[in-house]
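Q: Put the complex together from the two separate chains, hints included.
For the record, the sequence lines run as chains A and B.
Every letter in the first sequence is one number past the one before it in UniProt numbering, and letter 489, counting from 1, is 489.
Every letter in the second sequence is one number past the one before it in UniProt numbering, and letter 97, counting from 1, is 97.
A few of these clues could be false.
What the hints assert, rightly or not - Simulated coverage check for chain A against chain B, where a stretch passes if three residues somewhere in it have a Cβ under 8 Å from a Cβ of chain B:
#: 1; stretch: 698-711
#: 2; stretch: 775-784
#: 3; stretch: 789-795
#: 4; stretch: 802-810
#: 5; stretch: 841-850
#: 6; stretch: 854-864
Claimed, not checked - Only pairs whose alpha carbons sit at most 27 Å apart, straight line, appear in this in silico DSS-like list of lysine-lysine:
#: 7; chain 1: A; residue 1: LYS857; chain 2: B; residue 2: LYS220
#: 8; chain 1: B; residue 1: LYS74; chain 2: A; residue 2: LYS779
#: 9; chain 1: A; residue 1: LYS857; chain 2: B; residue 2: LYS266
#: 10; chain 1: A; residue 1: LYS704; chain 2: B; residue 2: LYS271
#: 11; chain 1: B; residue 1: LYS346; chain 2: A; residue 2: LYS704
#: 12; chain 1: A; residue 1: LYS854; chain 2: B; residue 2: LYS74
#: 13; chain 1: A; residue 1: LYS583; chain 2: A; residue 2: LYS267
#: 14; chain 1: A; residue 1: LYS857; chain 2: B; residue 2: LYS295
#: 15; chain 1: B; residue 1: LYS279; chain 2: A; residue 2: LYS779
#: 16; chain 1: A; residue 1: LYS857; chain 2: B; residue 2: LYS71
#: 17; chain 1: A; residue 1: LYS857; chain 2: B; residue 2: LYS304
#: 18; chain 1: A; residue 1: LYS773; chain 2: B; residue 2: LYS271
#: 19; chain 1: B; residue 1: LYS304; chain 2: A; residue 2: LYS698
#: 20; chain 1: B; residue 1: LYS196; chain 2: A; residue 2: LYS698
#: 21; chain 1: A; residue 1: LYS773; chain 2: B; residue 2: LYS304
#: 22; chain 1: B; residue 1: LYS304; chain 2: A; residue 2: LYS704
#: 23; chain 1: B; residue 1: LYS220; chain 2: A; residue 2: LYS854
#: 24; chain 1: A; residue 1: LYS779; chain 2: B; residue 2: LYS71
Think of the hints as simulated: they come from the structure by calculation, not from any bench.
Note that the structure is predicted; figures quoted are calculated from it, not measured.
Idealized CB from N, CA, C, for every residue including glycine.
Chain residues, written in single-letter form:
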Amino acid sequence: MQDIRKWFVKPHDKGRGSVSKPENSTPASAKQPSGSELMEDSVQGGEDKSRKKTSKYFAGKQNVTSRKEVDELRTKRKTQIGTEQNPVKKILKIDDDDDFVPPKQSKNISDISPKRKVRNDKGRVTAQESAHITESDEEIIEDNETPIKRSGRGRGGRGTRGGRNAVAVMEIDEGQENTEDKEGSAPSGSGSRGRGGRGAGGTSAGGRGRGGGGRGGFMNFGERKDPPHKGEKEIPEGASDCLSGLTFVISGTLDSLEREEAEDLIKRHGGRVTGSVSKKTNYLLCDEDIGGRKSEKAKELGTVFLTEDALFDMIRASNHSKATSQQDQKKTVPKAAVVAAPSTSAVRGVKEDVVSKASSKSMTSKALTSLSSPVKKNIPITKQNSLPWTEKYRPKVPNDIIGNQSLVKQIHDWLTHWHENFLHSGNKKKGKNQNDSVNKKAVLLSGTPGIGKTTSAKLVSQMLGFQIFEVNASDSRGKADSHINRGIGGSTANSVKELVSNEALSANMDWSKQPKSILIMDEVDGMSAGDRGGVTDLIASIKVSKIPIICICNDRYSQKLKSLLNYCLVLNFRKPTKQQMAKRLMQVASAEGLNADEIALEELAERVNGDMRMALNQLQYMSLSMSVIKYDDIKKRLLSSAKDEDISPFTAVDKLLGYNGGKLRMDERIDLSMSDPDLVPLLVQENYMNYRPSMAGKDDDGLKRLSLIARAAESIGDGDIFNVQIRRYRQWQLSQASVLSSCIIPAALLHGQRETLEQGERNFNRFGGWLGKNSTIGKNFRLLEDLHYHILASCTSNLGRSTLRLDYLMLLLRRLTDPLKMLPKDEAVEMVVNFMSCYSISMEDYDTIVELSKYQKHQNPLDGIQAPVKAALTKAYKQNKSLTRVAESVTIPGMRKAPKKRVAAILEPAEDELAEEKVDVLADSDNESSSDTEDGTVDEAKQLQMDLQNLNAKGMEVQVDLKESNTKKTGAGRGRGTASASASAKKKGGGLAPPAEKKGGRGSGSAAKRKR
Amino acid sequence: MLWVDQHRPKTLDKMIVHQDVAQNLKKLVTEQDCPHLLFYGPSGSGKKTLIMALLRQMFGPGADKVKAENKTWKVDAGSRTIDIDLTTLSSTHHVELNPSDAGFQDRYIVQEIIKEMAKNRPIDTKGKKGFKVLVLNEVDKLSREAQHSLRRTMEKYSSSCRLILCCNSSSKVTEAIRSRCLNVRINSPSVEEIVKVLETIAKKEGLQLPPGFAARIAEKSNRSLRRAILSLETCRVQQYPFTPNQAISPMDWEEYIFEITSDIMKEQSPKRLFQVRGKIYELLINCIPPEIILKRLLYELLRKLDAELKHEVCHWAAYYEHRMRLGQKAIFHIEAFIAKFMSIYKTFLISTFG
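This is chain B alone, in the form it adopts within the complex (with noise of 0.2 Å):
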């Protein structure tokens, strides 16, 4: 088992980072009833393990019988019947599921799989509580649609079900299920914390850890804990016993982003924007979301780039980036992105430069 899903803390007391938020959400659900939640701040920062946390501190172990399903939903759509093959996580108390994965069918999944919890109410046995909870994961990649959809059945059947939202940025959710919602903000924990947990870590483990070293995974993590745990297992499976000054490989995608930001920046050619969209390709391939390919490479290019370009580059890729989400074919959007930037970063080094 790998390190960040054994020591994953189970219960909300012994969350080492948030345990402010998560001595709240204790208070929240033993003295009263709770309301729908809406978890979001950056990925790493610990919203799933809270959940997962304040389920089973809800609902005791039995939270914890999980089951994987792929389900097929039949949603009647107007004049037709579509089917929707979905994953889902259940126990007997809660639902969870990703409900973007159904792309921009996911409006039915939010009201189908919300009215059939509402229909299978549970039993009150043993004073548990009477409703179930759905855990919706990415909410923030749900359709206008679906949000719309989400925010009636969302007080329609409040008896019955309660809401756990998760997600990675609130702006890209409506305002009507923002107040619809608790929401929870759950930052990324310090570079200290990340230090913290990872000497835990290695406690438990048995681990010699030099000094300063956690403290470099912790750099680059980029405050991600899952991402710190993570390097520190993989660094371990590279080498060990640890050097102080041990290289610390970043994720092969990164560093794939990044040579493509080096071939940018070398030469801007039609040619070479030739060679970079074949590069591209090969990411998506790979299962990297064009999002994150397309914030990568503006990250990297920033780190390049004169602080004259910078503005305008920010200004370019935050347009394209807008374009690529009201689109479908990704990397035509990318392809331009780049097009752009090498456009005015040319113009740039002549102007220049000569």
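The shape of chain A in the complex, shown without the other chains (with noise of 0.2 Å):
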């Protein structure tokens, strides 16, 4: 209470305004009023002396304004929420009228100084805003300019930290003139305020809302309730440090803000967000207590809560103090008046870039800057601009080169090794060293692009006095003339191979005094169709090589470089960690006098995904338009042109799928999805039935789930119909349709928490299944159309394959497997072998018709057949060979190789049968002239049908050359004539004897009779 008194009373002490301030942040700092209320009790009560002048003061001149004013601001707290938790809201004065007498310019400049001091430096904030009040009346002036300290602090009552408050003045003086009265505060704000921001609520926020707080949310599927007030708060700007060393938790809705909003607000101010509470979590920020878990813990452990609203404050506050500390660098240069022209050109630059959205702030930092050093950096920065930063700032000797340092050391060993690994000694171990990994002739440096291999191969060369050459993808290095001892010809090759055996320019001759010299090929892995034979030459070089050799390349596991491995000790180069390489963007940065900051940095070395050149062009770039480098920046400027990482499919699958599926941005999930067009869709296949949408909320019966389910299935149907178009009819523009369709839209309606749909399954995404049982579907097709076409050789049925499975193969099955499960065992296994031959069909194709009749959980058709009865079908099965009439490929002695067309046997079908029932009539008269050929051809037949049962062959039919068989095949045709013929008498005696046997096998042009 006393502080309070203080400020009221001090600016009466006339005389002493700026030697009173001092004492106004001791105060302020040692005891923390609490804001509006005690003012109030200073200005209501009437207790001790100090305060009866104040009232009095008051009462006389002001008491009215002052507790209209008071009201007013009560009131307005009222509306704002949150405040129990914050008991401080900026309080602000407000005075812009215009008809103000202004103060002395001096005067405001002196005033100001003290407070910067007591700006707090990091950390918490107590937005403490004084309004600066100054009255109309001119005998008060002076009196009043002493700002009324009337904020209280945000949070202060929880005062954890010492010796942190803030006290953020707000400045709304006047400046010079009426016309200019923001003058003072504009440029040392956040310089984003504009001139209009500061409404006569003196809202000191003002900064550029982000567009409307725009930003993060596209295409937001469902997920957290929408914050109720989005975007209708302007979020402000402030110190981009004011956060720094703070670790926020992030808990349910805020008031206007999206989480992925809050937290890159919180990060671009330096602080860090953590999913959980723990111990060193400082703020939880929520704007209503849910209860949830954060929440209970943070109760628990103590920590503070604080609303949006509270962090607004915090990093409002930090502008102030801020601009306090601007101003006072203006205050160092020496006349005011000098100053105050430009600054406000400074100022309008400003505003003209609030509009355009540049970084304003960072701009206006510089604009001070400059005027007040013009001197200090700009020269060396231009003087050196010239060069690219990557060149500048290669490392100068190996201990520069961030990471790999093993490796550096390795090459660094290897080097200083190699002459007398290879030079001297090498003649009389030459054979030992041969295979030694170690004392390999050349190394082959490998890793992703920008880690600085060849930085360190020319590093470590250089240091150990090597004359370097290099070769790279711009030199042609095809393969060289074979006669060397023409002389160079010209081409790089020839030279390459020139200097590898040169002995003079090399070893042989004294050459330590020599300089040494080392060759390095880079991009040995983008040796192309230009440099015909160059790897194999390489690898010759390297075996006659005088001189080492460093080969460089990106992707070791090439084919291109696969004969190279083995003359080259390979050395693999990892990307460096984000931390060793924002370490050393840092020092860049500090030697180019850019400010930036480390969590700026190391996002930066993140989003380049290890490569140290692409950071260093990006820093460059960013480096012409700013001088202040946050972590915001980074995050605009690398949004799109971030580097490509690999993404696995599951990944992929994982992302799109999983709980936070809902917040990625469409390009994102473009790119998930196109990762891998293939697989990708196929994954999500498989597993979109495994996830409990988040978009169905309260689903206790699952019908929303459900019914998300057939959507999906619908859509990833689309994806399909897609996939033809684009396969086979080749429409490539589908294919983000297709991704679209197959991926994005099953993964935004189902995306959430994964669960197992099968006892003892991995919680993990499974492999689409598609892929597998695809090719098992192809494999029983295959089989299946096999089996269909050995019936049809059979020519004892004509009939097609669907037909065969649909309805035949049941009772084949049947056939096939009940005499053997019912008949005695010999009996059985001829009745299945006869009807085995009747229809062609193979021991495979038996299996073929068992598999394809197994069903899970059902049982096996095998099942209930002994095993020795199994034995002796197959063993029937085997002795009845000839029985079998499809023709498999078989090799015929005097013929190169087996016709690949297979041609199964020709029968006159069913002559017996036409015999039996004489009807005939054609096909009797068909017979009889058959019949008067016959007997030429007999023989023929017969001598032919002896030479291929002497074949070793598969057996039962032979293919001849159709060009010998023409007329062979008629023969035999005709002799098949007479043994059916007989067999139709036979059969007739038999009366019910399955017909099945009585039919011969035939080739084409040849038969392979069964023996009767």
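A: Printed below as a string of structure tokens:
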């Protein structure tokens, strides 16, 4: 209380204005008055002396206004949200009236300066925004000059960290002139504060409102409730480090920010955001106590609750403290008047920038710094700007190289010992060394671009005093002319050859005096069409080389380099960590006079995915437009130009369907799905029903989930249709649509928590089952096709494939298995074998039939068949092999190779039947006519048959070259006639004997007859 | 030999069912030149039998001397050559093949084979016909492109070859082709006809058929003669002598689909859907064509379904079947149908029974 009173009292000490200021700070930081209540007290109550004074004073002149003001403020406060937690709100004095009498400039400055000292450096900001009241009455100008400290402090009551109370002073003092009444604060403030921004309410924020908070949530499917006042509040700008060292946890729905935005905001100002509450957590950011786990934990640990508004205040507060500091900078310039003009212009520039959405803040500070110390840093930059930074900051000594130090050491060792190993003592122990991995004659450095392979190679070589010859992709590296003694014909390859074989250049003379040479073959995996035989030539060079060779490549698993690997010591460079990179980037930044913070640079390092060169390039580019680089800038800048990473399909599906899948941006989704446009859809299809969609919300009976699944399934079907269009009709422009419907829409509908559907299943995404199943289906179709073909070839039936499967298969199976189960062994086996031979079903087909009739949890058709019976069947089948009629490809002596096409038997089907029934006259005549020729050819046919039986081929069928068999074919056919005649005779006698027995087998053009 | 093959009528005169059609065909080929023919009708109604008998009528027993051949066609398709394997069944007078087996390359087959046949025009000896016959099965499964290329070649080479097309549904054959052919609709034999056939067979095989047994088989066969004969033989294998109320076992896959439908009706949940997916995969692995699966599934579902839902479910089945034809991965669409059905059915259950 006391200090408040002092605040009111002090102004009355005339002439002590500036002197009294230091005192301001002391009480302010020592005690924490809590805002307007105290003030009200001080205004209303009348207890001690000083207060009397105050009240007297105010009673006389200003009390009315002041109280009115207070009331106003209080009501205003009430409307604000979350004041309970945060007793102090910005309380701002409004006096924009232009008819104020401006205070003197010098005074103004002197007023401000002490406050700056009060400014808190970092961390918790006590949002103490005092309004500076300037009275219109001339006489009390000086009295009232001092700001009335009305505000309390944000979170002050809980002061867990001492001495952190910032007194952010909002300066609303009039400028030198009425027209420029805001001059004093504008340049110093965030700069983003436009004139209009400072409304009558004196809202200190006024910052640029980040486009209504519209970043982030593009295509946010469901997930969390939208903030109730989304985008309605202006998001403040503050000093970039104002939250540094603080850890936040966000819980629940905030008032106006999406969670992502809030995280972003905090990070931008240097804070950390973690996922769960721990001891280290400073604040729990939430607007409503939803009583979740986070808030419980926070209560337990005594973590401070923070509302969104309070957070804004913290950030804003930092702004003002900064403002004062910057004004202080101005003060260092001797003449205030001189400063005034340029600074106003700076302000104007700033304002324009606000409109253009440039990073106005940094501009302001830049403007200011250039004002205050115009000489300092621009000169060296301009001097050296001609060099790209990647060249300029290329490491000068091996220790500068980031990461991979052990590899650098290895190169170093290898190089130092090279000459001893290969030149001097090389002749003696050559044989031994050849296979020793350490003593390879060349090294191969591999690694992704931009991590310093070339640099390391060069540095080490330089350090050891080698003269470097570098050959890279820009040189032609084809095969050298074989006759090197013709001299260098201008081609690089030849000069390389010359180089490595030229002893004069290297060692054999007194090599200690001569500069030693080294050959660096850069980008060896880039040897392409133009460099024919390049790698082979390189290997040859390595073999004869008198100088060390360092090869550099990106992909060491490249097919081209396979042979090279055997001759090289392979060193694999790894990506440096982001901390390492950030450290180095920081050095570069400070050397260039860039003001960049650690988090920003780490972000940069992460975005470029380990590529130092890219990071430096980005940094240099950004340095052109700004001198302060913040997290935000990096994020914005590299949003599009981030380096691609390899994403495995599993990761992609995890991300898409995962709980946070709804937060991904559309382009991210497309990237994820496109990472493997064949596999990702299959994975999605396999796993989509395992997710409990967060979109369904409360869904007791699972109805919503089912309907979502139905929609997703339909969309996946769409994807399949698209895919057909793409593949079959080459409509590749549809690939995005395909990815959209096969991955993104299902994922958008169903993303959520994964659950298992089967007992004992691991809760990870399964690999798409379709591929495996499809190949099984294909295999089975081929098997079925074989069976079909065999049956067709038997000429007993003329059926389609699907008919075979749908109608015949079951009966076939019964005919093939049931006898084995029921009848005695020998009888059964004979029956089955006869049946098989009738339809020319092979043993493989038998298995096919069984296989295709198997179902899970159904009885295996082969159950109940005893093993000996099965064995007997196989045996009987093999013995009766000649029964089967289908031609497999059989090599016949005299033919170079088996004809590719398989030719099946020709038969006269059912001649016997015809004979039996005597219906078809035509057929009879045909038979007769054939029997005419029969006698002549029978012998021939038999001869042929004998020959064929000698063949130890698969047996039953033989293909004979059509040229020689044209005549024989008919002969054989006719020959068959007699056989069948006898068969039919037998059949008549046999009565019900299975008709199958009657048929002899026959190949095309030859017959392999069954012996009776 | 299976009865269904053994007792297949070999000549037009011996047809038991479709005698009128057979007689007409006989007149057609004896009196005058044969036009292109398009046989269509449900499976098991006797199209193939008629065609074979017709060929025999036209060419005599020479048409029966067939050989099966797995032939590789080399086709020039613009810049590259494509190898297509296809099984053909040919005699000197005719070639039979199933072009839809070549998948979406079927149009090359259609063009190529017809051209080749036109080249090797048979010599007209002994008053035999001066043309070959090309029998194309499953024309309804031919792609649009193949059907279009077919229609041109049909006319161009009509002097040297005749086409006999065979399919289940003429609606999937383009108008242009239908108008170039003589359409012969072969309808399913009636139950009485089937019973008659079964009795003939039983007599030939010397079996005692209990009264009403043949009728039951005929009922179960869904008016497919082939199915009826096969199941008669199946019953014979299972148990003989027959008893009047002997069980007639359904096809293995039909049984399995029946199980799937009862699964679906019992519970509608993602878990169940997942299990059903596994079962559908199994059917597919056992080479059951996806269209048949979907059709049968609908059939089984409709039998159990409330009348109120039938219309809607039919609509969705047709919708997904169409999409299945457009697409390639049949399981996706069958699954989508089941998911849709589950969603509809569950909504219905909850709204009716709370």
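Q: The structure should be examined with respect to each hint, and the outcome stated for every one.
A: Checked hints:
1. 698-711: Our answer is that it holds, as 8 residues pass the Cβ test (under 8 Å) against chain B, meeting three.
2. 775-784: holds (count 5)
3. 789-795: holds (count 4)
4. 802-810: The restraint on the stretch 802-810 of chain A holds, since 8 of its residues have a Cβ under 8 Å from chain B and three suffice.
5. 841-850: violated (count 0)
6. 854-864: Answer holds; 4 residues pass the 8 Å Cβ test.
7. A:LYS857 to B:LYS220: holds, 25 Å
8. B:LYS74 to A:LYS779: Holds: B:LYS74 and A:LYS779 sit about 23 Å apart, inside 27 Å.
9. A:LYS857 to B:LYS266: Cα-Cα ~18 Å, so holds.
10. A:LYS704 to B:LYS271: holds, 15 Å
11. B:LYS346 to A:LYS704: Distance ~10 Å between B:LYS346 and A:LYS704 Cα, so the pair holds.
12. A:LYS854 to B:LYS74: The hint is violated at about 37 Å.
13. A:LYS583 to A:LYS267: holds, 19 Å
14. A:LYS857 to B:LYS295: This hinted pair holds, its Cα atoms lying about 24 Å apart.
15. B:LYS279 to A:LYS779: Given pair B:LYS279, A:LYS779 holds - Cα atoms ~18 Å apart, limit 27 Å.
16. A:LYS857 to B:LYS71: violated, 40 Å
17. A:LYS857 to B:LYS304: holds, 24 Å
18. A:LYS773 to B:LYS271: holds, 20 Å
19. B:LYS304 to A:LYS698: violated, 31 Å
20. B:LYS196 to A:LYS698: violated, 62 Å
21. A:LYS773 to B:LYS304: violated, 30 Å
22. B:LYS304 to A:LYS704: holds, 24 Å
23. B:LYS220 to A:LYS854: holds, 23 Å
24. A:LYS779 to B:LYS71: holds, 19 Å
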